[in-house]
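These protein sequences, in sequence, are chains A and B. Everything in the first sequence is counted per the working numbering, starting at 1 for the first residue and increasing by one. Everything in the second sequence is counted per the working numbering, starting at 346 for the first residue and increasing by one.
What the hints contain is simulated information worked out from the structure, not anything from laboratory work. This one's a predicted model, so the numbers in the text were calculated from it and none came from an experiment. Treat the hints loosely; a few may be bogus.
Said to hold, decoys possible - Which residues of chain B face chain A? A few of them, derived with a C-beta cut under 8 Å, are:
1. 370
2. 372
3. 382
4. 387
5. 401
Stated by the list, open to error - In the DSBU-like style, the derived pairs of lysine-lysine whose C-alpha atoms are separated by at most 35 Å in a straight line are:
6. B:381 to B:391
7. B:391 to A:33
8. B:374 to A:321
9. A:61 to B:494
10. A:33 to B:353
11. B:410 to B:385
12. A:321 to B:477
13. A:321 to B:353
14. B:477 to B:453
15. A:65 to B:391
16. B:410 to B:381
17. B:374 to B:401
Said to hold, decoys possible - Facing chain A, from chain B, some residues (calculated, C-beta under 8 Å):
18. 379
19. 466
20. 475
21. 477
C-beta: ideal position from N, C-alpha, C; glycine also.
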Amino acid sequence: MELAFVIEKVILVSLIFVITLVIAMYSTLAERKVAGFMQDRYGPDRAGPFGILQPLCDGGKFFFKEEIIPAGAHKSLFILGPTIAIITACIGSAVIPWGQTLTIGERVIELQVTDVNIGVLYMFGVVALSVYGIMLGGWASNNKFSLMGAVRAASQSISYELAMGLSLIALLMVTQSLSLKEIVEQQSGFVNWNIWVQPLGFLIFLICAFAECNRVPFDLPECETELIGGYNVEYSSMKLGLYMFAEYIHMFVSSALMATLYFGGYNFPFMNDLGLSQNWITIIGVLVFFAKIFAFIFFFMWIRWTLPRFRYDQLMNLGWKVLIPLAIANIVLTGVITIINDTFF
Amino acid sequence: MQSLSNRKKVLEQKPMNFWERIYLPAIFKGLGITIKHFFKPIPTVKYPEEERPYSKNFRGQHSLKRDEQGRERCTACGLCALSCPAEAISMISAERQKGEEHLYREEKYAAVYEINMLRCIFCGLCEEACPKEAIYLDGPHVTADYLRKDFIYGKDKLVEPRFDYKEKHEPTA
Chain A
1 MELAFVIEKV ILVSLIFVIT LVIAMYSTLA ERKVAGFMQD RYGPDRAGPF GILQPLCDGG
61 KFFFKEEIIP AGAHKSLFIL GPTIAIITAC IGSAVIPWGQ TLTIGERVIE LQVTDVNIGV
121 LYMFGVVALS VYGIMLGGWA SNNKFSLMGA VRAASQSISY ELAMGLSLIA LLMVTQSLSL
181 KEIVEQQSGF VNWNIWVQPL GFLIFLICAF AECNRVPFDL PECETELIGG YNVEYSSMKL
241 GLYMFAEYIH MFVSSALMAT LYFGGYNFPF MNDLGLSQNW ITIIGVLVFF AKIFAFIFFF
301 MWIRWTLPRF RYDQLMNLGW KVLIPLAIAN IVLTGVITII NDTFF
Chain B
346 MQSLSNRKKV LEQKPMNFWE RIYLPAIFKG LGITIKHFFK PIPTVKYPEE ERPYSKNFRG
406 QHSLKRDEQG RERCTACGLC ALSCPAEAIS MISAERQKGE EHLYREEKYA AVYEINMLRC
466 IFCGLCEEAC PKEAIYLDGP HVTADYLRKD FIYGKDKLVE PRFDYKEKHE PTA
């Protein structure tokens, strides 16, 4: 492996890492701003112009709070819990194609950390791993309420992962590829976006993404109002902050994934008719991709300030009795339509 | 039972139809409502920078007035303290000495004049009682403070500043 390649990847990885963290950081502010505007008030606007320093203040507050590790807690696992949560949230962005290629001098730089040919499976594995952060944290606290919260969160995640996987199968039947890069390349042009061929699959995936990110209306793992918090009752200071931060990173990564899988990733309409050079198309493509991501993040927040929380039995009913049968029906439907298409047209 | 007001409504619970059961139309309706509010003008007044217009007869902090020559009008008659329903006002009077005619208008003046702003109910009766037009509740809001003792406002805070004041030292209270 040549040195330039290593440097290029290191730069790309750190850039993506920083962008992820910054976006997650400002999502916390954006969330409160969106909440404010939807409730006819300004959000936080005292720290800096428009409150742009608010995330720094919040972070600083978290760092200076007293950090409590309960006497009965398993110390190393207690620390490992939020660590796993944040790491699994971050590593998901490794396979997401952020753009086409940039040509600088002789080098052609891929704007994707690694194009593994099982990108979708990798994503899915990472999402499944994130349960461990919650589960470990709840269990290591040595508190029955946090353990119950963790079990609740884990069973929710596992139930919705099932429907999510099934909805992805239907998508993969259409794309015939597990590589995210290839899936994006297939969606070049507005009419080729996967949302047009898999609307039902997208809906199921979207609902499951909400559940996987523990967002409203599926935020039972951490509902402060009715269920005394959940897995994180014993956490304080930045450890609690990391759990909350992981949720925002999840939101960013799953927005990126949805934009990649269903909304054409970095493709934008008329991208090949503008007569621009490859570098410019790539740069605009990256911006368009981020615009799509921000739209999804906004949608996440929009839903949060619109819908109330599900009751737990409703949650399970929706997951097992509605989404999974729907996803299976979607697979069958996709298969039938594909065969009809192949034989008759 | 027979309805007395004729306004009784019997609610029946119908089973939900298909569209209600899949919830999506209701969700989109809800999203529509929240996005409408997102673009609505915000009624919040950003207080310290921006103030709501006050009524013309708003009663705020008291000020002890001076006359045209900059002399204190108050003669320490005690009518304001007497009229005060909250017993917030107290004062100690003193006799004007020779050479103080430019400071006090009458022969008697208030050496100490204190209003306890925690007791005051801003009713304006002191203003009405004053025969010398010496006290008016025409100031701003009384601001917050940390200690109770700091809410007892003395003459240093109450007497209005003298705009033609040339001498260096304040009149001794």
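- Structure-inconsistent hints, enumerated in ascending order: Numbers 1, 5, 10, 11, 12, 13, 16, 17, 19, 20, 21, in rising order.
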